[in-house]
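Protein sequence lines, in the order shown, are assigned to chains A and B. Using my numbering, count along the first sequence one by one with no gaps and you end on 723. Using my numbering, count along the second sequence one by one with no gaps and you end on 129.
Everything labelled a hint here was simulated from the structure, so no lab data went into it. A couple of the hints might just be wrong.
Unchecked claim - Incomplete in silico selection of chain A near chain B, CB under 10 Å:
1) Glu205
2) His206
3) Ile212
4) Leu269
5) Gly270
6) Thr274
7) Met276
8) Pro278
9) Ile650
10) Ala651
Unchecked claim - Take a look, some chain A residues computed to stay more than 10 Å from chain B by CB distance:
11) Ile128
12) Arg129
13) Met169
14) Met188
15) Gly210
16) Lys271
17) Gly312
18) Phe396
19) Ile421
20) Cys585
Where a beta carbon is used, it is the ideal one built from N, C-alpha and C, also for glycine.
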Amino acid sequence: MAIRAQVVVCGGTGCMSSKSELIKNEFVEKIKEVGLQNEVSVFMSGCFGLCEKGPVVVVYPDMTFYSHVKVEDVEEICKEHLLKGRIVARKAYTEMTPEDEAKIKKFQEMTFYAKQERIALRNCGIINPFDINEYIARDGYMALGKVLTEMTPDEVIDLISKSGLRGRGGAGFPTGLKWKLASKHRGKEQMYIICNADEGDPGAFMDRAVLEGDPHSVIEAMAIGGYAIGASQGYVYIRAEYPLAVERLNHAIKQAYENGLLGKNIFGSEFSFDLEARLGAGAFVCGEETALMASIEGERGMPRNKPPFPGDKGLWGKPTIINNVETYANVPQIINKGADWFNSIGTEKSKGTKVFALGGKINNTGLLEIPMGTTLRDVIYNIGGGIPKGKAFKAVQTGGPSGGCLTYRDLDAKIDYETLISLGSMMGSGGMIVMDEDNCMVDVARFFLEFTVDESCGKCTPCREGTRRMLEILEKITEGKGTLEDIDELETLANSIRDSALCGLGQTAPNPVLSTLKNFKEEYIAHVVEKRCPAGVCKALINYYVTDKCIGCGKCKRGCPAAAITGNIKEMHKIDTSICIKCGACKVVCPVGAIITA
Amino acid sequence: MKSLDDLKKIREAAAQKMSMREQKDGYRVVVGMATCGITAGARPVLNALVEEVSKRNLLNVTVTQVGCMGQCALEPIVEVYNTVGERTTYCRVKEKDAQRIITEHVIGGKVVEDLLITKFLK
Numbered sequence: 126m127a128i129r130a131q132v133v134v135c136g137g138t139g140c141m142s143s144k145s146e147l148i149k150n151e152f153v154e155k156i157k158e159v160g161l162q163n164e165v166s167v168f169m170s171g172c173f174g175l176c177e178k179g180p181v182v183v184v185y186p187d188m189t190f191y192s193h194v195k196v197e198d199v200e201e202i203c204k205e206h207l208l209k210g211r212i213v214a215r216k217a218y219t220e221m222t223p224e225d226e227a228k229i230k231k232f233q234e235m236t237f238y239a240k241q242e243r244i245a246l247r248n249c250g251i252i253n254p255f256d257i258n259e260y261i262a263r264d265g266y267m268a269l270g271k272v273l274t275e276m277t278p279d280e281v282i283d284l285i286s287k288s289g290l291r292g293r294g295g296a297g298f299p300t301g302l303k304w305k306l307a308s309k310h311r312g313k314e315q316m317y318i319i320c321n322a323d324e325g326d327p328g329a330f331m332d333r334a335v336l337e338g339d340p341h342s343v344i345e346a347m348a349i350g351g352y353a354i355g356a357s358q359g360y361v362y363i364r365a366e367y368p369l370a371v372e373r374l375n376h377a378i379k380q381a382y383e384n385g386l387l388g389k390n391i392f393g394s395e396f397s398f399d400l401e402a403r404l405g406a407g408a409f410v411c412g413e414e415t416a417l418m419a420s421i422e423g424e425r426g427m428p429r430n431k432p433p434f435p436g437d438k439g440l441w442g443k444p445t446i447i448n449n450v451e452t453y454a455n456v457p458q459i460i461n462k463g464a465d466w467f468n469s470i471g472t473e474k475s476k477g478t479k480v481f482a483l484g485g486k487i488n489n490t491g492l493l494e495i496p497m498g499t500t501l502r503d504v505i506y507n508i509g510g511g512i513p514k515g516k517a518f519k520a521v522q523t524g525g526p527s528g529g530c531l532t533y534r535d536l537d538a539k540i541d542y543e544t545l546i547s548l549g550s551m552m553g554s555g556g557m558i559v560m561d562e563d564n565c566m567v568d569v570a571r572f573f574l575e576f577t578v579d580e581s582c583g584k585c586t587p588c589r590e591g592t593r594r595m596l597e598i599l600e601k602i603t604e605g606k607g608t609l610e611d612i613d614e615l616e617t618l619a620n621s622i623r624d625s626a627l628c629g630l631g632q633t634a635p636n637p638v639l640s641t642l643k644n645f646k647e648e649y650i651a652h653v654v655e656k657r658c659p660a661g662v663c664k665a666l667i668n669y670y671v672t673d674k675c676i677g678c679g680k681c682k683r684g685c686p687a688a689a690i691t692g693n694i695k696e697m698h699k700i701d702t703s704i705c706i707k708c709g710a711c712k713v714v715c716p717v718g719a720i721i722t723a
Numbered sequence: 008m009k010s011l012d013d014l015k016k017i018r019e020a021a022a023q024k025m026s027m028r029e030q031k032d033g034y035r036v037v038v039g040m041a042t043c044g045i046t047a048g049a050r051p052v053l054n055a056l057v058e059e060v061s062k063r064n065l066l067n068v069t070v071t072q073v074g075c076m077g078q079c080a081l082e083p084i085v086e087v088y089n090t091v092g093e094r095t096t097y098c099r100v101k102e103k104d105a106q107r108i109i110t111e112h113v114i115g116g117k118v119v120e121d122l123l124i125t126k127f128l129k
């Protein structure tokens, strides 16, 4: 009997951690109970992107998007929707119409998806990542077939060059040029091609989503790249903290071998290609290409000087090409649809799309892919759905620990490599963290610096010593002990580290400090001169007070771990600031918002 | 897999399964599957329609179920929406009629006169 409906349960890490696997099992069971097992199929896909609404379940062919699904909801969806064709309205995704009515929106009609253009993520949330046939059904491995039977390696490189594809891992180096520079070694010696899947930026999860949702696209692209530059061996360097991605990637590699899409004489051609996954042990610096190669070789992951560039002397001293996961995910599409198609998307110097992991103070936390040149405002307010609880937007941090904070003045900037750099931030791998009025920018800079201090490998002095000194100054400022001279020293230090560190990690580590100094200097000054934290975050500079809004319910008193609150029922309460440990528990439980920080 | 043709064969074989997840602009066939529809025998009709579409590899056609159509006495009801959204309503459809609806109407573009709702309404 033909299948008449398909239930797709999101199997991304986000939804999996809210028990989507149990939901899938429950669907299998309940569908059997209502006797539909021969008419309805159930499987898990990769990430849908709208992680905020997870766990997500989509029912085809109706394209109904169920959000926040619980195991208990499954029975109702089976009995109502799958059996009787009635959509379970209370679980279906709705959007407000201009007339302020909640209207059920189908998957793909939703604003979140309608504004996106998906190239790297085209299969994520659509196909079953464990089934190579579903990838093939969506033109998978056609590009590899075309390349091996119809194109010469140089033609492949020319096509990629013409498309204008640039590295999606951070710096944005033109991919075609990178391949071309390495291809002069073709046929002369052993060469390698590597996929950098050591995604370490806090708040970034694009590469994970691609590998979890569409692992074959990366495998196919690496084989294409191997053919183009002349490498017969590839490695995917993936962090061990991504167990799901590792599992799906390894399964996909195995399937590709079984189908003759990896290994000897692919598509009956002369070209043979082997691919293997190598696990990283979690050091952020291993995302830097020379450190990454050292790690694959079994050495301690530390960067080295460039040149020589990996394209000339890389893994085991042999010419090596390293590209990022998202860069690879674009390649098969470019081969299939042509350079002109890709070239027509994006801005003058940045072609195609970019995937961003949107997080922080934003309504639609999740993963999105937009054409280059989309404005920050569009991303944050349209696709992202704006700031929760009606708070005011303050800043958006792009590029992780290497990037910077942009302000409301930059909201209409078009996102591409050059614009972000000119504004003092960078594209980075695509983390995008939104901050509202409750975030202290000095504290944000301190957070990112704490991260780089932790992750500095220690090889060069500017990064090892310099970032630690910067962190000390920032801590001094957040504790209210800073002076105006400290701010100057911070800036001097930041500039010299940027100019003298050995690798990208150190060179970009001062960016969060420099950009907050540039855009939010008044907050630094408030900390050192007025000894005040305007956002009410830095503990040493704030005190908790009860205002006359207090209704005397006593919730704060009961919740205070330090017994610092006194007061009788139905009378105004009082916080003893000498005992208060500033944990903020009272502010959270207060039903009328009577507790303030100042 | 030895050649591009082998790959294309796999792609064709898997296309039917995947086509359900694509956005389509072709004919849309809906079957009323509320309690009234099911008791009147809508489920075998729905399955027969799905079977027929799948057998003929009509990748741009959607077959789906909805709730009560409102004319419970005339169930099973099947509605066919053409590419511009015009609706044709068929009543008291039997399993054996499914093939005709697909071949004559969805493929041939010709309405199946004897199943039209107007024949049943007094």
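How the hints compare with the structure:
The interface hint given for A/Glu205 holds, since its Cβ lies 9 Å from the closest Cβ of chain B, which is under the 10 Å cut-off. The criterion of a C-beta within 10 Å of any C-beta in chain B is met by A/His206, whose closest approach is roughly 9 Å, and the hint holds. Because the smallest distance between the Cβ of A/Ile212 and any Cβ of chain B comes to about 8 Å, under 10 Å, the interface hint for this residue holds. Hint on A/Leu269 holds. Least Cβ distance to chain B is approximately 9 Å, under the 10 Å limit.
Taking 10 Å as the C-beta contact cut-off toward chain B, the hint placing A/Gly270 at the interface holds, the least distance being around 4 Å. At about 6 Å, the closest approach between the beta carbon of A/Thr274 and any beta carbon in chain B falls short of 10 Å, and the interface hint on this residue holds. Taking 10 Å as the C-beta cut-off, the interface hint given for A/Met276 is violated, the closest approach to chain B being about 13 Å. The closest approach between the C-beta of A/Pro278 and any C-beta of chain B is roughly 18 Å, which is over the 10 Å cut-off, so the hint fails.
With a least beta-carbon distance of about 54 Å to chain B, the hint placing A/Ile650 at the interface is violated under the 10 Å criterion. A hinted interface residue such as A/Ala651 counts as satisfied when its beta carbon comes closer than 10 Å to some beta carbon of chain B; here the least separation is about 52 Å, so the hint is violated. Annotated as non-interface, A/Ile128 brings its C-beta within 10 Å of a C-beta of chain B; the closest such distance is 7 Å. The beta carbon of A/Arg129 is not kept farther than 10 Å from every beta carbon of chain B, the shortest such distance being approximately 4 Å.
Consistency note on A/Met169: stated as away from chain B, and its beta-carbon is indeed over 10 Å from all of that chain's, at 14 Å minimum. Look at A/Met188: its CB is around 8 Å from the nearest CB on chain B, not clear of 10 Å, so calling it non-interface is violated. The beta carbon of A/Gly210 is not kept farther than 10 Å from every beta carbon of chain B, the shortest such distance being approximately 4 Å. The beta carbon of A/Lys271 sits about 8 Å from the closest Cβ of chain B, which is not more than 10 Å, so the claim that it is off the interface is violated.
The claim that A/Gly312 is not at the interface with chain B holds, since no C-beta of that chain comes within 10 Å of its own (minimum 25 Å). For A/Phe396, the requirement that its beta carbon stay farther than 10 Å from each beta carbon of chain B is met, with the minimum near 13 Å. Here A/Ile421 stays apart from chain B, with its beta-carbon at least about 29 Å from theirs, past the 10 Å limit. The non-interface label for A/Cys585 is consistent with chain B: the shortest C-beta to C-beta separation is roughly 49 Å, beyond 10 Å.
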